[in-house]
Amino acid sequence: MAGNNNNDKTQSEHLATDQPSNPSRRNLLKGVGVVGAAALSGAATSNLIAADAPPGAGSAADSIVAREALEVLTALEAETLEVICDCLIPSDDNGPGAREARAVHYIDRSLAAHNSAARHDYMIGLSAVNDYAHQTGNKAFHQLDRDQQNAILLAVQNDNLDGFAPSSGGFFNMVRSHTIDGTFSDPYYGGNRDFIGWDMIRYPGIRLGASESDVAQGADLAPNHQSAYDHSTYTKMAQNMRGIPDSRVRGGRDHA
Amino acid sequence: MPRNLPKTDVVIVGMGAAGGVAALPLTNAGLKVVGLEAGGWLSPRDFAPDELRNGARNWPQSVQKAAGEAPTVRATAADQAVQGGHPMMNAVGGTTMHYWAQSWRLNPWDFQLVTATRERYGASRIPAASTIEDWPFTYAELEPYYDKVEYAVGISGQAGNVQGNINPAGNIFEGARNREYPMRPLRASPFTDIMGMAARNLGWNPFQGPAAITSELYDGRPPCQYHGFCNKGGCHVQAKSSTAFTVIPKAVDTGNLEVVTFARVINIVADNNGKVTGVDYIKGNETFFQPADVVLLASYAYENVRLLQLSKSRAFPDGLSNNAGQLGRHYMSHHQGSPVLALFDRDLHNWYGLPAQGVAIDEWADDNFDHAELDFIGGANLWVHTDRKPMAAAKMSTFGVVPSWGSDWKAFIMKNADRSNMSYIQKTTLPYEDNYLDLDPMVKDSLGLPVTRITARYRDNEKRIAAFSQDKMEQWYLEAGAIEVTKFGPGNAMGASTHAYGGTRMGLNSDTNVVNEWGFSHEAPNLGILGGSVMGSSGSRNPTLTVQALAWRTSEYLANNWRSVVG
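So the sequence lines, in the order shown, correspond to chains U and S.
To convert, note that position 102 of the first sequence is 102 in our numbering; the numbers rise steadily by one, no gaps.
To convert, note that position 539 of the second sequence is 539 in our numbering; the numbers rise steadily by one, no gaps.
Possibly wrong hints are sitting among the right ones.
[As the list claims (entries may be wrong)] With beta-carbon atoms standing in for the labels, derived distance ranges:
1) U:167 <-> S:434: 32 to 40 angstroms
2) S:271 <-> U:169: 52 to 60 angstroms
3) U:68 <-> S:398: 30 to 38 angstroms
4) S:85 <-> U:169: 16 to 24 angstroms
Quick caveat, the hints were computed from the structure, so don't treat them as lab data.
We treat Cβ as the ideally placed atom computed from N, Cα and C, and that holds for glycine.
Construct all of the structure, not just a fragment, from the sequences and the given hints.
As structure tokens, then:
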């Protein structure tokens, strides 16, 4: 069944004319990506702090990173979780992983908001992971070597270890799920930096319309690297819907 | 005491798939209608293409009234009922805002399956514990209403049977329709083309399924843009034919429909003569009484039943319209589980597909094949579609090939993220003696009112259909070149579902049914009930179009027989 390509194009072009509501924000994000990735690749053991630069020492992008808060996690929790994420979706010969995508930044923010009910389970679980690290290697989890870290995580996943809430397997599955969310969700939420996650699985990006030829190209379609919120329609700043009526104006009473 | 409001002709509880449709014939006939809706108005600006917000965090369902009254579920009366999520949306337009929008007519067999089974195979083939009855009318009676809804709401599809003329481009098993769909079907995709060819190789008849989504400019709405965020999301260009963008605005434009948002109905009031007089609802911190000559209940199967069970009065001490003890009985939720998952050796190009953009096989549905040598009745519609999003793709099954994390896993998803497909198999589900809805004795909503408790499980008939249809699905995938196939188990307890049926079943016999053949209560004559709760059989396909056709029919009957209904 041939779709009506002319109509498709007209509509998607109309919508594609929506400019990002704040172009500078996009540029800043891209800047963070470049600088951050370089810093991390230069030091395999780097943590969140290591990527910092003194205020005023670098580009605007550096100072954005420096001002970023940990909203929920403690410094040690964030370091521990950073390594867990890197074990789950590693940076390796196939390219960057959850660490570069900033899955921990996503998780920290989500724990202050939508996933706040999971704060306790993270606190207990990350503490337990470090307890096992000390038992295993007499060091904090992030100081162990990668084989030791993987062995502990495998045990957390499969061996029903004590000290986790609600269970070690449940904790593992939650962290795995959130790590994937942070790596592959819209960059608006603080992860998937520089569209690392979407590029990893060759997702060509959010489009407001996809023509038959777009679909035929599939994952070979050039990635457009756009957040949903690069479309001003979906932001707080949207003025109106330009040609698409809001049903509310049609009537109805606000109150009985 | 509730504040009394001016009386209206009709109050409709719920402005969703059913209530939204019902409003149009009534308001066109000049009747004054108040539509009470627990949610608010949403606009296309609310439907960002955001998998995390929509798909994983269930916005906005997760923050709505329905979320606080999610049913508890148990398989049998001996089990502990556990509360899950609520699948439906509170909004003007209801769940038609974010549903997949497949819009099927039931096949003729679904209306008369008791008679048809007796005649073809003998009465013994109907499971002994099933309470199934024929509908009080045949497919032909509902056909004109299917037609009205298809054109008023806007359905795209390929007819397979127009007045007896069979067209193999459509469903050759469908009942005769009076005319074509108002719009051609949604376009095919590279993957549905592959699956369609494989089906033809097997001698089956594949076709593009019907959808409440525009495939071309229709009634001022643009065609679908195929960006693929239908699932749990509304349409950014109003191509999805939600009642919020079709029939409800038309009804508002008559000047006869007043929509009241964030109105939480808590009680349907009945007088001592057994007639309903209106409804009590809470908005903000105030309680109102909306008097009406007729009440139409359209709040989805679970809430329809719960509101009736909560509405006790002198005339109805066990709940409204429950003096025969039929309220909550004959409950089914569609057996949509037991999918088959396939892995292919090439990219499927599904990143921009929608759930309703799919290809269907009806050979193994209903009674479209001979069951003489089989140990079940009914069957399944097989459906493959093209929806894929990055988070869900990254969470794909690894088919036991690699661990679920680490470098090997990463390499696996990098290669295979666009190479898997999960079928959607909808199966005939029967009502049974011990499957029912009642009020949970422990779990309450935010007002302290008990939530619905589902006691229901699948039986042999459902499980045998599941196994049979999985074999057919596996055969189809393998013919299309799948390199791995996984079948999921049949399940046991029937959880809360977007396809819930029964509880206020429609039928001529007032001893076994809550509403009559027009959708009005056998016991409270000016109470009409709309939605899947009146359906006596599930069919093996999505229910919404049937719900809407029934709603139109009840509403039109009311407008044409006002005096006799009001009494």
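Here is what the structure says about each hint:
The hinted range of 32 to 40 angstroms is satisfied by residue 167 (chain U) and residue 434 (chain S), whose Cβ atoms lie roughly 33 angstroms apart. In this structure the hint that residue 271 (chain S) and residue 169 (chain U) lie 52 to 60 angstroms apart at CB holds, the actual value being about 57 angstroms. A C-beta distance of roughly 34 angstroms is found between residue 68 (chain U) and residue 398 (chain S), which places it inside the suggested range of 30 to 38 angstroms. Here the CB-CB span from residue 85 (chain S) to residue 169 (chain U) is close to 22 angstroms, well matched to the stated 16 to 24 angstroms.
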